[in-house]
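Using the sequences and the accompanying hints, generate a full structural model.
Protein sequences, first through last, are from chains A and B. Going by the working numbering, the first sequence opens with residue 13, and the numbers climb by one from there. Going by the working numbering, the second sequence opens with residue 19, and the numbers climb by one from there.
Keep in mind that the hints were calculated from the coordinates and are not lab data. Given the structure is predicted, the values throughout are model-derived calculations rather than measurements. For glycine and all other residues, C-beta sits at the position ideal for the given N, C-alpha and C. A few of these clues could be false.
Calculated Cβ distances over 12 Å to all of chain A for the following chain B residues [to be verified]:
#1 I56
#2 Q60
#3 R83
#4 V93
#5 Q96
#6 D103
#7 V112
#8 N135
#9 Y138
#10 D153
#11 D223
#12 L253
#13 V257
#14 E275
#15 S276
What the simulated footprint calls covered on chain A by chain B, stretch by stretch (three residues with Cβ under 8 Å from a Cβ of chain B suffice, anywhere in the stretch; the number is not a length) [stated by the list, open to error]:
#16 274 to 285
#17 366 to 380
Distance condition first, Cα-Cα at most 30 Å in a straight line; then the derived DSS-like pairs of lysine-lysine [unchecked claim]:
#18 K107/B / K487/A
#19 K141/B / K296/A
#20 K52/B / K107/B
#21 K52/B / K487/A
#22 K52/B / K391/A
#23 K487/A / K141/B
#24 K141/B / K107/B
#25 K130/B / K162/B
#26 K130/B / K391/A
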Amino acid sequence: MSLGLLTLIVLGLAAFGFLLGRGRALSSVKGDPRALHSLPAYYGWSVALATAVPALLVLAAWLFVQPALLQGQIAAQLPADAAGSTDLAMADLRRIASGLDRLEGSLPAADLAALTQDPAALRGQLASAGVALGAEIDPAVLKAATDYRAAATRGQGAMVLVVALIAAAGFAIALWRIRPDLRARNLVEQLTTLVLIGCSLIAVATTFGIVASLVFESVHFFRIYDFGKFFFSTTWNPKFGGGSDLGLWPLVWGTLYVSVIALVVSVPIGLMAAIYLSEYAGRKVRSFAKPAIEILAGIPTIVYGLFALITVGPFLRDWFAQPLGLGASSSSVMTAGLVMGIMLIPFVSSLSDDIINAVPQAMRDGSYGLGATQSETVKQVVLPAALPGIVGAVLLAASRAIGETMIVVMGAGAAAKMSLNPFEAMTTVTVKIVSQLTGDTEFASPETLVAFALGLTLFCFTLALNVLALVIVRKYREQYE
Amino acid sequence: MNDMRILERDVETQTAKMTARGVQVYYGDNHALKDVDIDILQNTVTAFIGPSGCGKSTFLRCLNRMNDTVASARVLGQILLEGEDIYDKRVDPVTLRARVGMVFQKPNPFPKSIYDNVAYGPKIHGLTRSKADLDEVVETALKKAALWNEVKDRLSAPGTGLSGGQQQRLCIARAIATSPEVLLMDEPCSALDPIATAQVEELIDELRSQFSVVIVTHSMQQAARVSQRTAFFHLGNLVEFGETGQIFTNPRDPRTESYITGRIG
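The following block contains the structure:
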């Protein structure tokens, strides 16, 4: 029985339970809903939720646990020297198993049984079914594969049985409990709370999962590459043949340089645009200008990248870099920083605008009532009151700048360098993560694994920024409440 | 009501500080204030009373052109401050508001320290020459507002950390520090408890020696306690304006009598 069908059956049972529960509640009071503790639909919901929620939870858990358990068992069966490492053997094994699944549909059962005794013929059959295998099939691996399939089928059968039993049990118990004085409304609310908790747990668990995978792979990296060299070397020079220099600093320097230029461009422009829109602009201007600025935020970063590559880069090279004698490269930190700054303007302006609007009118009245002009009021009362929010907006923009990849690839190039000259090509952490992971090197080499260490570094950077933002906001938050 | 106190109180001067003639206010199509004539006398507390929505706050906000900040508001008629029309094109509303200060219904201290809150007006108007001057202005204003003893040790603490009554007195100190000629107060005690209210009322009475004070209030007892002259507004009209004692003991208009005896409003 397939997974989808099983889910459908559970949900169907839940829907049936809803109708039955509702009907049973009504009939228990002879059709007078006023005699019930809760509205009739709540009795229906209590049955439906009791049927579906535990069954589906068990189903989800089973889907996670079964492959892990099976893999542990089968890996123990494999011969120690089976076709290189265990990982490769496992991959072969899974392909054979899935190939056998495909053949099962087209071949009679007897033929299939015969084939499993004849590895060479099987390989040909598998190839014709679209599963190409690199080497001759090792009989031991074949044996493991058939075992794997058998165990998986058994596991699935058990899963269907268990899930169906749980659904039926939930259904029966909930239905049996229905009485006029059952507090179905409270029960449904408790169950709903559980669902809500589950959803937030998924979000939290995912975060932890991502961090854990970063940490795990970074530990692998530091096993094969020197900790000190990564953190204190100032050369970034990965080589295919090994012996690379993987120093963090050129990339961090590039990231910071580009981000600082982007913020220097976006923060003043965005903030002043926000001040104009919220304090000075009339309703008509505002209703046109605000969406127009927000369109900027909707442009994909790759389009900004094109803009950097084709327009801004050559322009800066021809009008600034070459006349000033600062270089002849059209990819430069300046190009990427400027274009990224333009991209960030709507982030800063839109958020700051909302925050400035949230400053109470009473504060402005107080200032006007003392004979302050509009600009004095903005500078001395409105902006200080809005400061925590504005800092939040700026730090959000900074996180975006640090994490941005496309504009940097197309605008600033891919050369890892530490230089003060803003018209020179440099690169950032994110760009190098992409190029190290998409390269042709073996996955277990330091050249590839360094991407995870870089990712972890980046994560720490943005985390620190977020914490800083929280601290600032918390410190000044109560100012105008 | 303390009738004895009202009758004993005399109005010291009769010079008009502000004069309003035929003032009409429209909010869009809504005719909020109809044909108001009032003289605000020098060194006098004038109270505006009347039911909600009668136009008393609207008129108060006309006196320092705070209605300019409301886009839909239109003011007609003439308001003179010492003989000069405040709605004349040559008058800068910003300078006007420095001369006619305002305290609002809800305490609205700025998100700054207590010191900076009071120093705000003098700083933007350049009233002081040195830091020492400014310190003195702040101290005097806080003393006048009867707040000095409570805050002198924590002038650098945020103004928003004070209690409601202290915040309102801080706002009054802030308005005094700009040394206005007229002080407008829009229900300054509506957010305060009785003790803080008593302090603010005492303060208003002291302020009378230096400023003209105009106070909008919903409490008739308060109007009777603090003011020398009272104006009663009803449905956008100025119904009656006269000495406080006379308004409360011997009103001429039947509507005023109904209101102060609690039959309307």
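Q: Starting from the hint list further up, note which numbers the structure goes against and sort them upward.
A: 3, 7, 8, 9, 16, 18, 19, 21, 22
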